[in-house]
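Visitor: Put together the whole structure using the sequences plus the hints.
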Amino acid sequence: MTTMTQELPQVRGVKQIPVFEGFTSGHRTCQGCESALVMRLMIKAAGPRTIVVGSTGCMYVANTTYYSTPWVVPWMHTQLGSSGSAATGTAAGLASLMRKGKMQDEPINVIAFCGDGGGVDMGLSAISAALQHDEYNLLILCYDNESYANTDIQVSGSSPWGANSTFSPPGKVHRIMNRRWKKNTVPMLAAGHPDVRYVATACGSYGPDFTNKIRRALTIGGPTFIHSIDPCPKGWDYDPKYSHELGMLAVETGIWVQYEIVDGELILNGPSRAIARGIRRRKPVTDYLQRQGRFAHLTEEDLKFFQERIDETWEKWWIPGIVPFGPHDEGE
Amino acid sequence: MATATVHQTEREELISGSEAIAIACSLADVDVITAYPIRPYDTVMQYVSKLKADGAFDCDFIVAESEHSQFEIVKHASAVGARTFCGSSGVGWFYAFEAITVTAGLRLPVVAMVGNRALDDPGAFGVEHNDAMAVRDLGWMLYWVGTAQEALDTALLAWRVAEDPRVFLPAAISCDGSFLTHSQAIVNVPTQEQVDQFLPQYDRGRLLLHPDNPITVAPQVNEDWLMEIRRQTDDAMRRTSDVIKEAYEEFKQLFGRGDPSPFIEEYMTEDADIVLVGMGTLAMPVRVAVRRMREQGKKVGFLRVKFFRPFATDEIREALSHCKAVGVIDRDYSYGSPSYGGVLFNEIRSALYTLDNRPLMQSFIAGLGGREVLVRDVEEMTSMVQGSIDAGHVKEENTWIGVRE
Numbered sequence: 001m002t003t004m005t006q007e008l009p010q011v012r013g014v015k016q017i018p019v020f021e022g023f024t025s026g027h028r029t030c031q032g033c034e035s036a037l038v039m040r041l042m043i044k045a046a047g048p049r050t051i052v053v054g055s056t057g058c059m060y061v062a063n064t065t066y067y068s069t070p071w072v073v074p075w076m077h078t079q080l081g082s083s084g085s086a087a088t089g090t091a092a093g094l095a096s097l098m099r100k101g102k103m104q105d106e107p108i109n110v111i112a113f114c115g116d117g118g119g120v121d122m123g124l125s126a127i128s129a130a131l132q133h134d135e136y137n138l139l140i141l142c143y144d145n146e147s148y149a150n151t152d153i154q155v156s157g158s159s160p161w162g163a164n165s166t167f168s169p170p171g172k173v174h175r176i177m178n179r180r181w182k183k184n185t186v187p188m189l190a191a192g193h194p195d196v197r198y199v200a201t202a203c204g205s206y207g208p209d210f211t212n213k214i215r216r217a218l219t220i221g222g223p224t225f226i227h228s229i230d231p232c233p234k235g236w237d238y239d240p241k242y243s244h245e246l247g248m249l250a251v252e253t254g255i256w257v258q259y260e261i262v263d264g265e266l267i268l269n270g271p272s273r274a275i276a277r278g279i280r281r282r283k284p285v286t287d288y289l290q291r292q293g294r295f296a297h298l299t300e301e302d303l304k305f306f307q308e309r310i311d312e313t314w315e316k317w318w319i320p321g322i323v324p325f326g327p328h329d330e331g332e
Numbered sequence: 333m334a335t336a337t338v339h340q341t342e343r344e345e346l347i348s349g350s351e352a353i354a355i356a357c358s359l360a361d362v363d364v365i366t367a368y369p370i371r372p373y374d375t376v377m378q379y380v381s382k383l384k385a386d387g388a389f390d391c392d393f394i395v396a397e398s399e400h401s402q403f404e405i406v407k408h409a410s411a412v413g414a415r416t417f418c419g420s421s422g423v424g425w426f427y428a429f430e431a432i433t434v435t436a437g438l439r440l441p442v443v444a445m446v447g448n449r450a451l452d453d454p455g456a457f458g459v460e461h462n463d464a465m466a467v468r469d470l471g472w473m474l475y476w477v478g479t480a481q482e483a484l485d486t487a488l489l490a491w492r493v494a495e496d497p498r499v500f501l502p503a504a505i506s507c508d509g510s511f512l513t514h515s516q517a518i519v520n521v522p523t524q525e526q527v528d529q530f531l532p533q534y535d536r537g538r539l540l541l542h543p544d545n546p547i548t549v550a551p552q553v554n555e556d557w558l559m560e561i562r563r564q565t566d567d568a569m570r571r572t573s574d575v576i577k578e579a580y581e582e583f584k585q586l587f588g589r590g591d592p593s594p595f596i597e598e599y600m601t602e603d604a605d606i607v608l609v610g611m612g613t614l615a616m617p618v619r620v621a622v623r624r625m626r627e628q629g630k631k632v633g634f635l636r637v638k639f640f641r642p643f644a645t646d647e648i649r650e651a652l653s654h655c656k657a658v659g660v661i662d663r664d665y666s667y668g669s670p671s672y673g674g675v676l677f678n679e680i681r682s683a684l685y686t687l688d689n690r691p692l693m694q695s696f697i698a699g700l701g702g703r704e705v706l707v708r709d710v711e712e713m714t715s716m717v718q719g720s721i722d723a724g725h726v727k728e729e730n731t732w733i734g735v736r737e
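Protein sequence lines, in the order shown, are assigned to chains A and B.
Going by this note's numbering, the first residue of the first sequence is number 1, and it counts up by one from there.
Going by this note's numbering, the first residue of the second sequence is number 333, and it counts up by one from there.
Below, simulated DMTMM-like cross-link-like pairs (lysine to aspartate or glutamate); rule was C-alpha separation at most 25 Å, straight line:
id, chain 1, residue 1, chain 2, residue 2
1, B, K656, B, E711
2, A, K100, A, E7
3, B, K384, A, E135
4, A, K100, B, D390
5, A, K100, B, E525
6, B, K382, A, E135
Don't read these hints as lab results, they were simulated from the structure.
Note that this is a predicted model, so its numbers are computed, not measured.
Guide: Below is the structure:
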């Protein structure tokens with residue numbers, strides 16, 4: 001088996017993003033679907049010698065209708081909770097066949113993607129298991145549109161507090177039906193799998209950064225994980241033209257933190273780094289929340305609570321926005 | 333434990349059914365194997381892992397974090413062209429159910445061992461056939477083995493048939509928990525040369541998922557195409573019979589052993605008035621009982637169903653067309669089923685419906701949870717069937733055997 005990965009150089013600026021398209025026409029995602037852009041950027045970065053496996057969700061159902069696949073690279077469906085297992089099985093199959101001389105030896109990228117339902121909820125166990133196999137080169141990409149968006153927008157473990165969904169509708173007695181706070185997935189996976197060489201958060205609004213993250217994940221060796229925040233016009237209830245802007249606002253308000261953990265070192269990216277260094281002020285969360293219909297029922301009090309929780313992650317957490325716990329203060 | 337030595341001639345070994353299948357994995361040069369612990373199937377994985385640890389067998393051996401992942405991993409390895417093996421027992425098999433059904437839907441030739449075990453709750457390790465039987469409608473070939481030798485031979489047959497491009501369907505080898513998985517018997521282990529001659533490399537062909545063949549596998553089809561795709565899978569299952577016969581004939585020539593039919597085993601059925609029917613290791617006490625009853629002048633025979641899927645309708649029909657009565661011994665239950673009969677009973681009864689002279693049919697539920705089916709139980713069942721013949725009709729269509737009141 002080859003332990004080599006492909007050579008995929010880092011890009012400096014939009015103009016260096018490859019012209020290659022691996023995700024083209026043929027899909028029927030919603031207007032303004034940021035996850036479709038994530039798919040397109042992902043495969044541009046990875047290139048044609050890639051196998052992509054996609055678990056059930058929007059990016060399965062809306063992308064691959066029989067006779068009209070948008071995938072130029074080999075693509076296969078996997079079950080909702082199986083992105084980790086699919087990546088492991090694909091990589092193991094290739095590794096075994098190449099080691100035994102049954103298949104031509106070459107580095108083939110293996111990417112499995114899942115939505116937040118498939119990754120943060122149901123597939124967490126299999127993703128965790130995949131991240132324990134340092135002998136396989138693979139990337140698991142979780143495209144997080146913060147709900148089960150393919151099945152009529154139901155709340156997931158990655159939905160924000162208070163968000164309106166078909167399983168968390170505001171009612172006459174209970175205004176806030178989703179009282180769970182968004183799961184802190186990437187730090188959980190990073191802390192839980194210290195041998196994993198690369199985990200990152202990402203956002204399609206930052207194209208070159210996104211491209212470079214995919215490429216680092218695919219070239220560093222071993223299993224890797226990227227979690228992207230994908231604004232969803234249908235689930236978040238906003239005009240499709242604002243997807244890109246909402247992605248940026250998620251970062252600029254400090255609700256979403258852009259970072260990568262490379263060989264145990266945390267590197268903050270773009271606006272998140274500027275915020276952490278105090279170079280840039282966080283925008284108020286209302287700039288982000290009030291642009292989305294899913295938060296329209298939030299009261300002034302709710303918005304204040306939301307802001308306080310975000311402030312807390314930046315001001316009280318051991319690593320701002322990322323790690324909530326720290327060493328016990330013994331006093332001097 | 334098998335050694336790393338390359339044996340040039342067929343050798344005899346005292347091994348369990350699980351170990352026999354582990355040796356088959358190594359002889360078949362399986363590429364990816366996934367394990368997850370549950371009794372009693374998991375002994376096969378203990379042998380596989382030791383073979384790998386000792387350098388006797390080169391495979392990617394992955395200990396998954398659940399049965400669901402176990403079956404998903406081999407499914408995807410199979411899609412990129414790897415020969416695969418996994419397995420489970422009881423509720424573990426059920427935990428993997430989603431992966432198991434899509435494996436057949438995707439026409440991927442995964443081979444699995446089911447160490448048949450009672451389904452929880454309440455907890456029980458012993459054999460029942462309900463676990464493997466649950467997938468009978470989904471496109472898996474299902475085989476119930478009777479001996480450790482048959483376990484090894486059937487595993488080789490399973491890859492050969494499953495990976496045949498005319499078939500491309502998964503296969504499960506059912507082994508009765510404890511009675512087969514853990515019981516040792518003398519097994520003839522074939523040579524590598526024999527196996528290589530019998531078992532070609534798995535070639536996924538134009539369905540291979542690879543950058544040189546950039547296909548999209550399993551797009552959404554909905555009502556537009558699903559029925560046609562189901563029909564294709566049905567056609568593939570229909571083709572299995574001929575492929576099995578062809579492979580089995582070749583097997584018998586190369587390995588010098590085997591029954592007249594790959595699908596069923598007949599024991600003293602030729603002139604029998606009563607034929608008992610069952611699957612798996614049940615055959616052992618039944619054969620003993622049949623011999624004893626024959627000594628007493630009773631015309632009793634036994635039919636062992638080996639392939640449950642594909643179900644050998646014609647052969648079974650032929651084998652049971654000359655007797656007066658059939659007693660089917662199910663090591664399974666089917667609550668609320670027709671006549672409250674066992675699963676095998678109702679399949680057999682359905683197959684015999686078109687016969688001009690239908691035998692009387694009686695259903696027995698026996699040996700659940702690994703309870704031993706004794707020779708005297710078989711004799712009791714036979715005398716009940718004889719009672720039906722004497723009366724000219726079946727009084728009790730279904731009877732549970734050996735239940736404490």
